[in-house]
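Colleague: Here is what each chain is made of, one letter per residue.
2 protein chains.
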Amino acid sequence: MAASTELRELTVELGERSYPILIGTDLLKRTGDLFLKRGFPVKAPVLLVTDSAVEHLYASTVEESLRQAGYNVTRAVVSSGEKSKSLGVFDDLITAALEAGLDRKSTVIALGGGVVGDLAGFVAAAYMRGIRFVQIPTTILAHDSSVGGKVAVNHRLAKNIIGAFHQPEFVLYDLDTLKSLPMREVRAGYAEVIKHGLIWNEEFVNWCDERAEQLLALDSDSLGHALYEGCKVKSIVVSRDERENDLRAILNLGHTIGHALEAVAGYNELLHGEAISIGMVGSARLAEKFGYDPGIAEETERLFRKFGLPVRIPAHYATDSIMEAMMHDKKFAEGKMVFVVPKAIGEVEIRGDVPVEWVRGIVEGLKEESGK
Amino acid sequence: MAASTELRELTVELGERSYPILIGTDLLKRTGDLFLKRGFPVKAPVLLVTDSAVEHLYASTVEESLRQAGYNVTRAVVSSGEKSKSLGVFDDLITAALEAGLDRKSTVIALGGGVVGDLAGFVAAAYMRGIRFVQIPTTILAHDSSVGGKVAVNHRLAKNIIGAFHQPEFVLYDLDTLKSLPMREVRAGYAEVIKHGLIWNEEFVNWCDERAEQLLALDSDSLGHALYEGCKVKSIVVSRDERENDLRAILNLGHTIGHALEAVAGYNELLHGEAISIGMVGSARLAEKFGYDPGIAEETERLFRKFGLPVRIPAHYATDSIMEAMMHDKKFAEGKMVFVVPKAIGEVEIRGDVPVEWVRGIVEGLKEESGK
Ligand SMILES: NC(=O)c1ccc[n+]([C@@H]2O[C@H](COP(=O)([O-])OP(=O)(O)OC[C@H]3O[C@@H](n4cnc5c(N)ncnc54)[C@H](O)[C@@H]3O)[C@@H](O)[C@H]2O)c1
Ligand SMILES: NC(=O)c1ccc[n+]([C@@H]2O[C@H](COP(=O)([O-])OP(=O)(O)OC[C@H]3O[C@@H](n4cnc5c(N)ncnc54)[C@H](O)[C@@H]3O)[C@@H](O)[C@H]2O)c1
Ligand SMILES: [Zn+2]
Ligand SMILES: [Zn+2]
Numbered sequence: 001m002a003a004s005t006e007l008r009e010l011t012v013e014l015g016e017r018s019y020p021i022l023i024g025t026d027l028l029k030r031t032g033d034l035f036l037k038r039g040f041p042v043k044a045p046v047l048l049v050t051d052s053a054v055e056h057l058y059a060s061t062v063e064e065s066l067r068q069a070g071y072n073v074t075r076a077v078v079s080s081g082e083k084s085k086s087l088g089v090f091d092d093l094i095t096a097a098l099e100a101g102l103d104r105k106s107t108v109i110a111l112g113g114g115v116v117g118d119l120a121g122f123v124a125a126a127y128m129r130g131i132r133f134v135q136i137p138t139t140i141l142a143h144d145s146s147v148g149g150k151v152a153v154n155h156r157l158a159k160n161i162i163g164a165f166h167q168p169e170f171v172l173y174d175l176d177t178l179k180s181l182p183m184r185e186v187r188a189g190y191a192e193v194i195k196h197g198l199i200w201n202e203e204f205v206n207w208c209d210e211r212a213e214q215l216l217a218l219d220s221d222s223l224g225h226a227l228y229e230g231c232k233v234k235s236i237v238v239s240r241d242e243r244e245n246d247l248r249a250i251l252n253l254g255h256t257i258g259h260a261l262e263a264v265a266g267y268n269e270l271l272h273g274e275a276i277s278i279g280m281v282g283s284a285r286l287a288e289k290f291g292y293d294p295g296i297a298e299e300t301e302r303l304f305r306k307f308g309l310p311v312r313i314p315a316h317y318a319t320d321s322i323m324e325a326m327m328h329d330k331k332f333a334e335g336k337m338v339f340v341v342p343k344a345i346g347e348v349e350i351r352g353d354v355p356v357e358w359v360r361g362i363v364e365g366l367k368e369e370s371g372k
Numbered sequence: 001m002a003a004s005t006e007l008r009e010l011t012v013e014l015g016e017r018s019y020p021i022l023i024g025t026d027l028l029k030r031t032g033d034l035f036l037k038r039g040f041p042v043k044a045p046v047l048l049v050t051d052s053a054v055e056h057l058y059a060s061t062v063e064e065s066l067r068q069a070g071y072n073v074t075r076a077v078v079s080s081g082e083k084s085k086s087l088g089v090f091d092d093l094i095t096a097a098l099e100a101g102l103d104r105k106s107t108v109i110a111l112g113g114g115v116v117g118d119l120a121g122f123v124a125a126a127y128m129r130g131i132r133f134v135q136i137p138t139t140i141l142a143h144d145s146s147v148g149g150k151v152a153v154n155h156r157l158a159k160n161i162i163g164a165f166h167q168p169e170f171v172l173y174d175l176d177t178l179k180s181l182p183m184r185e186v187r188a189g190y191a192e193v194i195k196h197g198l199i200w201n202e203e204f205v206n207w208c209d210e211r212a213e214q215l216l217a218l219d220s221d222s223l224g225h226a227l228y229e230g231c232k233v234k235s236i237v238v239s240r241d242e243r244e245n246d247l248r249a250i251l252n253l254g255h256t257i258g259h260a261l262e263a264v265a266g267y268n269e270l271l272h273g274e275a276i277s278i279g280m281v282g283s284a285r286l287a288e289k290f291g292y293d294p295g296i297a298e299e300t301e302r303l304f305r306k307f308g309l310p311v312r313i314p315a316h317y318a319t320d321s322i323m324e325a326m327m328h329d330k331k332f333a334e335g336k337m338v339f340v341v342p343k344a345i346g347e348v349e350i351r352g353d354v355p356v357e358w359v360r361g362i363v364e365g366l367k368e369e370s371g372k
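Sequences listed follow chains A and B, in order.
Using UniProt numbering, the first residue of the first sequence is number 1, and each one after it goes up by one.
Using UniProt numbering, the first residue of the second sequence is number 1, and each one after it goes up by one.
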């Protein structure tokens, strides 16, 4: 077993666009060295994008490291929260990039959770039609969002509808930053970690189950391993299907119901990880309908409960609103209902033949009043 | 010599993303057939983006053709003019796309000049991280903008600063649509046609010189040949360097000074083609400074005059403002001045060592008072 400061490294294999993910402790202060080592031109200004919660905790460490290495860095701070993933804030960041004098050789850094990553990533993708981008994730959930190059902002009618595929140059994951995360964000982040196990790696699911206590306590070694394994599944899938023509869709396990719940909740009641936790239980129940082992649903539910995640739909969410929100979700190709369904723990399939009534039945069955 | 209705076809070679450019007469009504032939799914809604000047002339022909082929098409109209290339109008078009129910298999069509092409292209690039895009150019200038996949909107501080590389599925160039173009737009369009000759093909420059009268009269056969040759140069260059790492930069001949003039003019006094006409004369004078034949500058100037294009900077444009605007232009890498310079008619080189004083001298020398 690794020491708690072991540096874990893996590569997202994408030919010319391959990049490393570094996971370890005390890494923020190595940002400048990494910039130099990877040949980022010192003369090209850097824009550090972060949010109002993360800024005071970690921005100056990253900036200092860059300045010591000779880089000129400008800080741009957005409000903490999903609302910042808007075209208006995107516009403000483009202004900031122009005012900071960013050129074609410049870099945009995202220092924060998935919100900052998606937003700053779309700035890097669109500014001068694409400049360098670096991810420094500071949430557990962002082990998912920082890998794979999907960047986007929201539109008032739909989430993540305006975006691009724009891979980072590297992902720098400093485990120390996760210590300041609110406990609710920690739990929510593990929903995506466990998702990666559920779609690909039964052994890792069992490991999470055994290590739940250490994971929730943010023990560095357990955390490092969990993020490494989660990122690994994501990397493998993205390497094989960068643009979501087929395989990559399996990463959406639990997201069809999950996104609908987020939409109905107005994006402030439920965290993304909480919504997909409920969604994954729903998908597992769908598996039962297709004749797979009913034990999958029970097992999934037990595991999420162990991590303190919700597994029921709050009673006041109207089934009709949830169903309607699903119809607007972009995972419906040409009117048919598409779902990622677990065939077993660690294995999923994509079904394009899911009857709407089944889904409605499952949504009803997940309502708080109706089950424990 | 080809008959006036000859269909000219060429391919932009980009591996998997290769696509045809079709140039001929009476083509709009073939849009639906082309969609079917190229396998665009009939169930996926189509968004037709056009502007307020083009709408009444050609939109219904395109729509009718698509409807007869079984497609569901929604029209979105933006105001005519460069002002529509904004993030605000982009947002409106994303709303229109969502309301029209566009999905991942849908297509966005640009029917219009370079403004509509760049704007609708960025919508297609960003909507759901990229959907199909078709260019139906209706200006001469758009032979340039519709080929090569550069799409963008402007920011109040800089032109084309927010964008993507997003290649169309095909370009459909109906010569009949050009008959309704205002004469000033016709002349301005030829500035980019001649630019393609100046950077790559001396013979074609001579041909343009000989055919100036027929070209300005929009004789279909001459026009078809000119657009074919212009598109060909653009295609070759783009095929070799899609993302402007090196070679593609030669397409910017005349654009460094040209963009600065547009910026100083506030984007309404000078048309893009007019600005780069002046800019190309400036670049040719720079060639002289580097010791190349002074005849290049005279020849360039004579040719643009023949097409009724401006070759002098209006007297009231302050030299300081022009120089400052150039400093903001993204064609300056790390503070050095970069220019595309003609070595001869039909051949250019990229120089990264242009002294600012030379450029200032040339700008001064091009002022209306000071020239003949
Ligand atoms: N691009 C992708 O592939 C992908 C995948 C999954 C999720 N996402 C997106 O990610 C977003 C959610 O990401 P998230 O859960 O990280 O949300 P987030 O970025 O909003 O972070 C959650 C909260 O924690 C705060 N925070 C972040 N780091 C902190 C730290 N170290 N200490 C203290 N507080 C900290 C933030 O300010 C915020 O309030 C959603 O917008 C979702 O759409 C994208
Ligand atoms: N993407 C690229 O590679 C590229 C290359 C060159 C230029 N551009 C962009 O192209 C734009 C300029 O293009 P443009 O000159 O075509 O401008 P435009 O689209 O504004 O069209 C010029 C004018 O002609 C009108 N018009 C268009 N077609 C007509 C027709 N058939 N009949 C009558 N009127 C018609 C328009 O409404 C407009 O008023 C600029 O924004 C420039 O940045 C892009
Ligand atoms: Zn997710
Ligand atoms: Zn141009």
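The hints are simulated quantities; they were obtained by calculation from the structure and are not laboratory data.
Heads up, some of the hints might be wrong.
Pairs involving identical chains hold if they fit within one copy or between any two copies, as the list cannot separate such chains.
Unchecked claim - Listed next, the in silico DSBU-like pairs over lysine-lysine satisfying Cα-Cα at most 35 Å (straight line):
1. K159 to K105
2. K105 to K232
3. K37 to K367
4. K105 to K289
5. K343 to K43
6. K83 to K159
7. K83 to K43
Colleague: Within a copy, between copies, both or neither: which one fits K83 and K159 at a CA-CA cutoff of 35 Å?
Modeller: both (11 Å within a copy, 27 Å between copies)
Colleague: Quick one: K37 to K367, C-alpha cut-off 35 Å, is that within a copy, between copies, both, or neither?
Modeller: Neither: 53 Å inside a chain and 48 Å across chains, both beyond 35 Å.
Colleague: Are the CA atoms of K105 and K289 at most 35 Å apart within a copy, between copies, both, or neither?
Modeller: between (53 Å within a copy, 29 Å between copies)
Colleague: Given a CA cutoff of 35 Å, do K105 and K232 count as a within-copy pair, a between-copy pair, both, or neither?
Modeller: Both, since 29 Å and 30 Å are each at most 35 Å.
Colleague: For the identical chains here, do K343 and K43 meet the 35 Å Cα criterion within one copy, between copies, both, or neither?
Modeller: between (53 Å within a copy, 31 Å between copies)
Colleague: Between copies, within a copy, both or neither: which fits K159 and K105 at Cα up to 35 Å?
Modeller: both (30 Å within a copy, 18 Å between copies)
Colleague: Between K83 and K43, at a C-alpha cutoff of 35 Å, which is it: within one copy, between copies, both, or neither?
Modeller: both (33 Å within a copy, 33 Å between copies)
Of the numbered hints given earlier, the model fails hint 3 alone.
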